[in-house]
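Residue numbers (numbering that gives the first Met the number 0), protein chains in the order written: chain E, 0 to 326; chain H, 0 to 326.
These are computed hints drawn from the structure, not numbers from a lab.
Where hints are given, some of them may not hold.
Identical chains blur together in the list; that is why a pair holds if it fits in one copy or across any two.
Unchecked claim - Derived lysine to any residue pairs resembling SDA-like cross-links, with alpha carbons at most 25 Å apart:
#1 K279 <-> G235
#2 K173 <-> S290
#3 K279 <-> D170
#4 K171 <-> P271
#5 K57 <-> G100
#6 K173 <-> P271
#7 K173 <-> G235
#8 K11 <-> P90
#9 K171 <-> E288
#10 K26 <-> P60
#11 K279 <-> G165
#12 K171 <-> P283
#13 K279 <-> T136
#14 K208 <-> R147
#15 K319 <-> R147
#16 K279 <-> D154
#17 K173 <-> P283
#18 K173 <-> K279
#19 K171 <-> R234
#20 K279 <-> R189
#21 K208 <-> D226
#22 K171 <-> D59
#23 K173 <-> R234
#24 K173 <-> I237
#25 K279 <-> L167
#26 K11 <-> I51
Number of protein chains: 2
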Amino acid sequence: MSLLGIDLGGTKLGMAVFTTSGAILHKEQLLLNGREGAAVGELISSSIRSCITGDAFKSDPVQAVGISVPGISRRNGMVWAPNIPGWDDYPLLAEASRACGDIPIRIESDRACCILGEVWQGNARNCRNAIFLAVGTGIGAGILADGRILRGAGDISGAIGWMSFGGLFEDKYKRCGHFEYYASGNGIARQAAEMLQQRPDYRGALRNKPAGEITCHDVFAAYDSNDPIAETVIRGCIVYWGMAIANLVSLFNSEKLILGGGVFGPASRFIPAIGIEAQKWAQPLGFREASIEAAALGGEAGVYGAAYTALQLLATDNHKTLPGNVQ
Amino acid sequence: MSLLGIDLGGTKLGMAVFTTSGAILHKEQLLLNGREGAAVGELISSSIRSCITGDAFKSDPVQAVGISVPGISRRNGMVWAPNIPGWDDYPLLAEASRACGDIPIRIESDRACCILGEVWQGNARNCRNAIFLAVGTGIGAGILADGRILRGAGDISGAIGWMSFGGLFEDKYKRCGHFEYYASGNGIARQAAEMLQQRPDYRGALRNKPAGEITCHDVFAAYDSNDPIAETVIRGCIVYWGMAIANLVSLFNSEKLILGGGVFGPASRFIPAIGIEAQKWAQPLGFREASIEAAALGGEAGVYGAAYTALQLLATDNHKTLPGNVQ
Chain E
0 MSLLGIDLGG TKLGMAVFTT SGAILHKEQL LLNGREGAAV GELISSSIRS CITGDAFKSD
60 PVQAVGISVP GISRRNGMVW APNIPGWDDY PLLAEASRAC GDIPIRIESD RACCILGEVW
120 QGNARNCRNA IFLAVGTGIG AGILADGRIL RGAGDISGAI GWMSFGGLFE DKYKRCGHFE
180 YYASGNGIAR QAAEMLQQRP DYRGALRNKP AGEITCHDVF AAYDSNDPIA ETVIRGCIVY
240 WGMAIANLVS LFNSEKLILG GGVFGPASRF IPAIGIEAQK WAQPLGFREA SIEAAALGGE
300 AGVYGAAYTA LQLLATDNHK TLPGNVQ
Chain H
0 MSLLGIDLGG TKLGMAVFTT SGAILHKEQL LLNGREGAAV GELISSSIRS CITGDAFKSD
60 PVQAVGISVP GISRRNGMVW APNIPGWDDY PLLAEASRAC GDIPIRIESD RACCILGEVW
120 QGNARNCRNA IFLAVGTGIG AGILADGRIL RGAGDISGAI GWMSFGGLFE DKYKRCGHFE
180 YYASGNGIAR QAAEMLQQRP DYRGALRNKP AGEITCHDVF AAYDSNDPIA ETVIRGCIVY
240 WGMAIANLVS LFNSEKLILG GGVFGPASRF IPAIGIEAQK WAQPLGFREA SIEAAALGGE
300 AGVYGAAYTA LQLLATDNHK TLPGNVQ
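Using the sequences plus the hints, can you model the full thing?
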């Protein structure tokens, strides 16, 4: 018996077949190569068919399929994925179900899959209350609360990039939210560029590129050589990340706060400093019970989480209980 | 068939017997009269017994009991209630179960009961995603997410009084949290007192009392006569309440944000202004789907919610579904 996890990204499709105990039997990656709309759905369907019917898995047939999507998975089976052209409201469940036949399938958002992957095989194993704070180009959170993924009225819960940290509102926050404006990968690059313009006297490493081309990774590299602008930007982000972790601890009373996404990565070394900042603000009993950790699965969290959601589906269908009674 | 709801407060015990459709058949209130520890539990038990066995309900016998407690209801049946001396870890479930005999019983925190009451008979009817922001002497939140009360790893979720809104941390926030320090009833009184000390030239109505005796209600009364200190304090609170609502909308994607507790009350007139502030910061799709409203049940939300949790218990035991599939 095996599980198929599929992780759709903006440019590629990752797939892996897992044992029910989380060992990878097979994995592969396909490029989307500019596919749009229904062609992306068909690529997913043909990949499912090849895994279900292929000779490779005859001894361990796929019993359930999970798909991670880079956007919103609605309970009616429709998917909104801003980076896949034509997926404003794409009927992925209907499309993929045809390929699955009798095999059960579930679709989850990438942020939900990230925390589910960490709960299954990463740094939040067996937790029923754990949050994945995904800090990449943007910021979002996958929230497992009391053993269930938090969905909300319109399936868009976890939009933590919009968290307000006070001060005066500025129109520039409107497109992405206050927290994301400053403390995402894009925010780090943007802040460095803004500071360069304000400091014509600065002669450091960040001057080697036009301000508009500076990346988040340039800022981390400059930080390593004690660059003053990079230090100011990163120190500010540590405060924001710490306050966000504090607010999550106070609201959700989570056991694990997992920091992941492309920025963690290089920012993982700051987790102790983020913890010191979070401790100032958080509800103290909740903070004492919480652990702040880097993600364990890196770029594979999505495909692990997709497979785990397939395992959850099997457990529900068979009235079994998973460790931690995660549903 | 009827339901018994019990609402324990710091100084009194409210009780009401309800029909399953939410009509009150009987209600009464007992003063704790300085009772402590086990004596409070015994008062609850004797009240349960009199409702269960009393002649008054022979035609509509009590089928389930719910209790709202002013603190934390742990899943092991123990209760922590800071305002009841001796209730650091009181075995209320064991005590009250003896009085109930075969009748099922459930204990919930007061903030959970407030949102459940509003979901049953108030301004959040039939919602599966709704939050009660209780602003009284302190601040807390009762959170219904995807049809379930959010509990967290240690049953202390919803500690929103600790929400950080940025700026520099000050030690004075340590006892109650940043949000509560400024925007609770105590916070409103404290801020007014601090401003009085900073403004020896001020000659308004708030000078009629020693600064240490000013109450939240004095500040609202002064606001009504255009007092400049009261206006500054209340305007600041509107910003805090708005940011908190925004953060809840972004994280939980709730349909209803219910503002209650003693401060709403007098602050209910500011809900439109709070909405304008919240709209600036919140995730825009989520905000469009959300409605910000005053609590409908006032001081009775707890007893309604306690009865509703009893109804939930009956529904679960009988495999029935309540409106909105709230569990």
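Against the structure, the hints come out as follows:
1. K279 <-> G235: both (15 Å within a copy, 22 Å between copies)
2. K173 <-> S290: between (32 Å within a copy, 20 Å between copies)
3. K279 <-> D170: Only across copies: K279 and D170 sit 9 Å apart there, 29 Å inside one copy, limit 25 Å.
4. K171 <-> P271: Between copies only: 24 Å across, 31 Å inside.
5. K57 <-> G100: within (17 Å within a copy, 56 Å between copies)
6. K173 <-> P271: Answer is between: at 20 Å across copies they meet the 25 Å cutoff, but 31 Å inside does not.
7. K173 <-> G235: Both: 20 Å inside a chain and 22 Å across chains, each within 25 Å.
8. K11 <-> P90: The answer is within: 19 Å in one copy meets 25 Å, while 55 Å across copies does not.
9. K171 <-> E288: Between copies, since 23 Å is at most 25 Å while 37 Å is not.
10. K26 <-> P60: Intra 15 Å, inter 62 Å, cutoff 25 Å: intra-copy only.
11. K279 <-> G165: both (17 Å within a copy, 11 Å between copies)
12. K171 <-> P283: between (34 Å within a copy, 14 Å between copies)
13. K279 <-> T136: between (27 Å within a copy, 22 Å between copies)
14. K208 <-> R147: Classified as neither: same-chain Cα gap 46 Å, cross-chain 51 Å, threshold 25 Å.
15. K319 <-> R147: Both ways: K319 and R147 sit 15 Å apart in one copy and 21 Å across, limit 25 Å.
16. K279 <-> D154: For K279 and D154, only the inter-copy Cα distance (21 Å) is at most 25 Å; the intra-copy one is 32 Å.
17. K173 <-> P283: between (32 Å within a copy, 9 Å between copies)
18. K173 <-> K279: between (28 Å within a copy, 8 Å between copies)
19. K171 <-> R234: Both ways: K171 and R234 sit 21 Å apart in one copy and 23 Å across, limit 25 Å.
20. K279 <-> R189: between (27 Å within a copy, 21 Å between copies)
21. K208 <-> D226: For K208 and D226, only the intra-copy Cα distance (15 Å) is at most 25 Å; the inter-copy one is 55 Å.
22. K171 <-> D59: For K171 and D59, neither the intra-copy (52 Å) nor the inter-copy (60 Å) Cα distance is at most 25 Å.
23. K173 <-> R234: both (24 Å within a copy, 22 Å between copies)
24. K173 <-> I237: both (22 Å within a copy, 20 Å between copies)
25. K279 <-> L167: Answer is both: 23 Å inside a copy and 10 Å across each meet the 25 Å cutoff.
26. K11 <-> I51: Within one copy, since 20 Å is at most 25 Å while 64 Å is not.
Hints 14, 22 from the list above are not met by this structure, while the remaining hints are.
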